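For the record, the sequence lines run as chains X and Y. Count along the first sequence starting at 1, add 18, and that's the number in our numbering. Count along the second sequence starting at 1, add 764, and that's the number in our numbering.
Don't read these hints as lab results, they were simulated from the structure. Keep in mind that this is a model prediction, so the values were computed, not measured. Treat the hints with care, since some could be wrong.
[To be verified] To give a feel for the contact side, a few chain Y residues facing chain X, derived at Cβ under 10 Å:
hint	residue
1	Arg852
2	His866
3	Gly876
4	Lys878
5	Pro883
6	Asp885
7	Ile887
8	Ala888
9	Gly892
10	Arg896
11	Ala926
12	Lys928
[Claimed, not checked] Straight-line distance between alpha carbons at most 30 Å, and here's what the computed DSS-like set of lysine-lysine pairs gives:
hint	chain 1	residue 1	chain 2	residue 2
13	Y	Lys902	Y	Lys930
14	Y	Lys778	Y	Lys930
15	X	Lys211	Y	Lys871
16	X	Lys211	Y	Lys878
[Claimed, not checked] Only part of the chain Y face toward chain X is listed, based on derived beta-carbon distances under 7 Å:
hint	residue
17	Ala827
18	Phe829
19	Pro1119
Cβ atoms here follow ideal geometry from the backbone N, Cα and C, with glycine treated the same way.
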Amino acid sequence: MMNRSLTRRLTAGLVPAVPYLWLGVLFLVPFLIVLKISLSDPAVAQPPYKPVFEWNDIAGFFSALDFENFALLAEDDLYFRATLSSVRIAAVSTLLLLLVGFPIAYGMARAPERYRPLLVAAIILPFWTSFLIRIYAWVAILKPEGLLTQALMGIGLISEPLDILNTETAVYIGIVYAYLPFMVLPLYATLEKMDDTLLEAALDLGSTPWRSFWTITVPLAMPGIIAGSLLCFIPAVGEFVIPDLLGGSETLMIGRQLWSEFFSNRDWPLASAVAILLLIILVVPIVIYRDVEARRVEARP
Amino acid sequence: MRRSFAPWATPDAKPLIRFENVTKRFGESTAVDHLSLDIFEGEFFCLLGPSGCGKTTLMRMLAGFETPTEGTITLGSQNLAGVPPYRRPVNMMFQSYALFPHMSVEKNIAFGLKQDGMPKDQIADRVGEMLRLVQLEKLARRYPSQLSGGQRQRVALARALAKKPKVLLLDEPLGALDKKLREETQFELMDIQHDLHMTFVVVTHDQEEAMTMADRIAVMDHGRIVQVATPGEIYEQPKTRFIAEFVGDVNIIEGHVQGQENGLWRVKTSSAAVPLTIDDPDEVLHSGQPVAIAVRPEKMVIQRDPPGPGAINVLTGEVWDIGYLGDWTVYRVKLATGEILRVTRANASRFVENPIEWDEQVYVTFAPDAAVILAE
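Isolated chain X, as found in the complex (with noise of 0.2 Å):
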């Protein structure tokens, strides 16, 4: 009896440990590791920036930080380019993705209840392919000489190669392909549970389909809109892969920078300021959305 109410004690104080453990040792140790070391200096040596820690001389270490790298972060307006256009381009495709995501949701929303997990199933597919040999897929449509340029020739659509690869709206392109079902499956969770009666009763009291839409169906799918819009808009701020491979060297991203920082210029105080400038910049819509939940939920308890 003894026995089982202490380990019931200690299964309650353990639980609750649990996720905290889990970002403890994986987020916020690796958070003030990166912190530590946007903190240093560069320098020729293995690790590739100083002071290193040392347990005898911890007054010496932490009079080696400086703010240098986030001072020469704040010089460089090439940085503030960067992110100024990764959050563009992120906020742009997020935009997209709500309005290819939207009617795909709606329609499996829609669809006869027989289908619908099917229709989750194929939304999720693409998974199973390497997301990076799906990239390369599109270099293959988009370049010159590939498939969408003799498709559209083909058709007689157009007389001249396309130049889509190498841009921006490349770019476009591989954010709403491989970040869809982010948007598509929130919006489908709150889709499918909204009463089609409350859409009736809006057509009963005069309101015309379109109208409704507008009134009754986004409010309503809102949480969704605001789930999938930050599953996409998070990780396309810090997006490398999709630019580096259709964007060419014009596409300027934070997450580029990033890498060329750490690997090319093997700076890596400075890469790692950078990967702070963009946790910064994305704290600011998680702390929105933290902020709209909390009003939601306070107005409707």
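Guided by the hints, dock chain Y onto chain X, whose structure is given.
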């Protein structure tokens, strides 16, 4: 006032709603089958029937959510074919209430008025009026999730009434309420309908609800209307055995017509030694025809002492069950044939000396005009 209201009995009265030979099929199954029906302005009309009888489909066709496969529906002088739900002067109160969860009570009520482009101050006035009507002034800013079932029902009613529709459709309006609240709300609905001079069409499977509220009831079965009449007529002169059994409780005694004497039918049954005497002059019957005699439980008398020698319609049996309901006592009497009769008696006094007990031999009698003959 209500008594004298009977436009259906006036030959030249023009109906507000007219179903003409309407059929609705869903694939193979027929929900509504060649149905014709007139509903008059100011009527409180009930569509009554078991689930799956087509009553909801009939209402949804009126609202515009379903299109008839055949036949026409007219409202006033307008043929409703091809008119979408948002252009019909008809509003509906949904069974699930279908309140918009993201809008407050007042926004819900204002929704339909906004669609009409009514000026803001007029909307506010009308919403206030509706809130007073359903006594929800204090809850105007609440959200549906913060309301009780009864309050939600009132919001749904106020929202459907706000646009002053020509016809208000109510789909099982009281189905989700508990018994006490349901009874109160029945009378409230009647008052509101009377005060607003509006035409109400109610779909219900609850015969008590229909009996209490309706001016006329249409009893439906398998996509057809079996009888359209006032609640009194439906109860006292049911046309078929289905109606007699569906509306209220009834005892059915089967037999064969023996003949007519002094305008009274004599029916031979295995339940009674002497043929039963029934006063139902409207029926046209012939000798030997199989019929069912329907007698309501409250129109039967149960007694311990044998009735006098001249008594008619006497059945004997023993008390099988006694159910005390407070206002009524229900006796289940088993006849020699094994049939069980249901007899009710009003508990007019608080104490009864030497009451009828279980297993006692009893006599059940009924007057000739208490019964109805239903041709099989």
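Going through the hints against the structure:
Look at arginine 852/Y: its Cβ gets to within about 8 Å of chain X, closer than 10 Å, so that hint holds up. A cut of 10 Å between beta carbons decides the hint on histidine 866/Y: the least distance to chain X is about 5 Å, and the hint holds. With 10 Å as the threshold, the beta carbon of glycine 876/Y comes within range of chain X, its nearest partner Cβ sitting at about 3 Å, so the hint holds. Taking 10 Å as the C-beta contact cut-off toward chain X, the hint placing lysine 878/Y at the interface holds, the least distance being around 8 Å.
The restraint placing proline 883/Y at the interface with chain X is violated, with a minimum CB-CB distance near 16 Å, outside the 10 Å limit. The beta carbon of aspartate 885/Y is not positioned within 10 Å of any beta carbon in chain X (closest approach about 20 Å), and the interface hint is therefore violated. The criterion of a C-beta within 10 Å of any C-beta in chain X is not met by isoleucine 887/Y, whose closest approach is roughly 13 Å, and the hint is violated. Hint status for alanine 888/Y relative to chain X: violated, with the closest Cβ pair at about 17 Å, above 10 Å.
Interface restraint check for glycine 892/Y: the shortest CB-CB distance to chain X comes to about 18 Å, outside 10 Å, so the restraint is violated. Interface restraint check: arginine 896/Y against chain X, minimum CB-CB distance 20 Å, threshold 10 Å, status violated. Restraint check, alanine 926/Y versus chain X: the minimum CB separation of about 8 Å is within 10 Å; hint holds. Hint on lysine 928/Y is violated. Least Cβ distance to chain X is approximately 12 Å, over the 10 Å limit.
Straight-line distance between C-alpha atoms of lysine 902/Y and lysine 930/Y comes to about 29 Å, which keeps the hinted pair within the 30 Å bound. At most 30 Å may separate the alpha-carbon atoms for a hinted pair to count; lysine 778/Y and lysine 930/Y meet this at roughly 15 Å. Our distance criterion of 30 Å between C-alpha atoms is met by lysine 211/X and lysine 871/Y, whose separation comes to about 22 Å. Our distance criterion of 30 Å between C-alpha atoms is met by lysine 211/X and lysine 878/Y, whose separation comes to about 26 Å.
Below 7 Å, beta-carbon pairs count as interface contacts, and alanine 827/Y has one with chain X at about 6 Å; its hint therefore holds. Because the smallest distance between the Cβ of phenylalanine 829/Y and any Cβ of chain X comes to about 6 Å, under 7 Å, the interface hint for this residue holds. Proximity of proline 1119/Y to chain X is violated relative to the hint, the smallest CB-CB distance being about 52 Å (cut-off 7 Å).
Against the hints set out earlier in the document, violations occur for numbers 5, 6, 7, 8, 9, 10, 12, 19.
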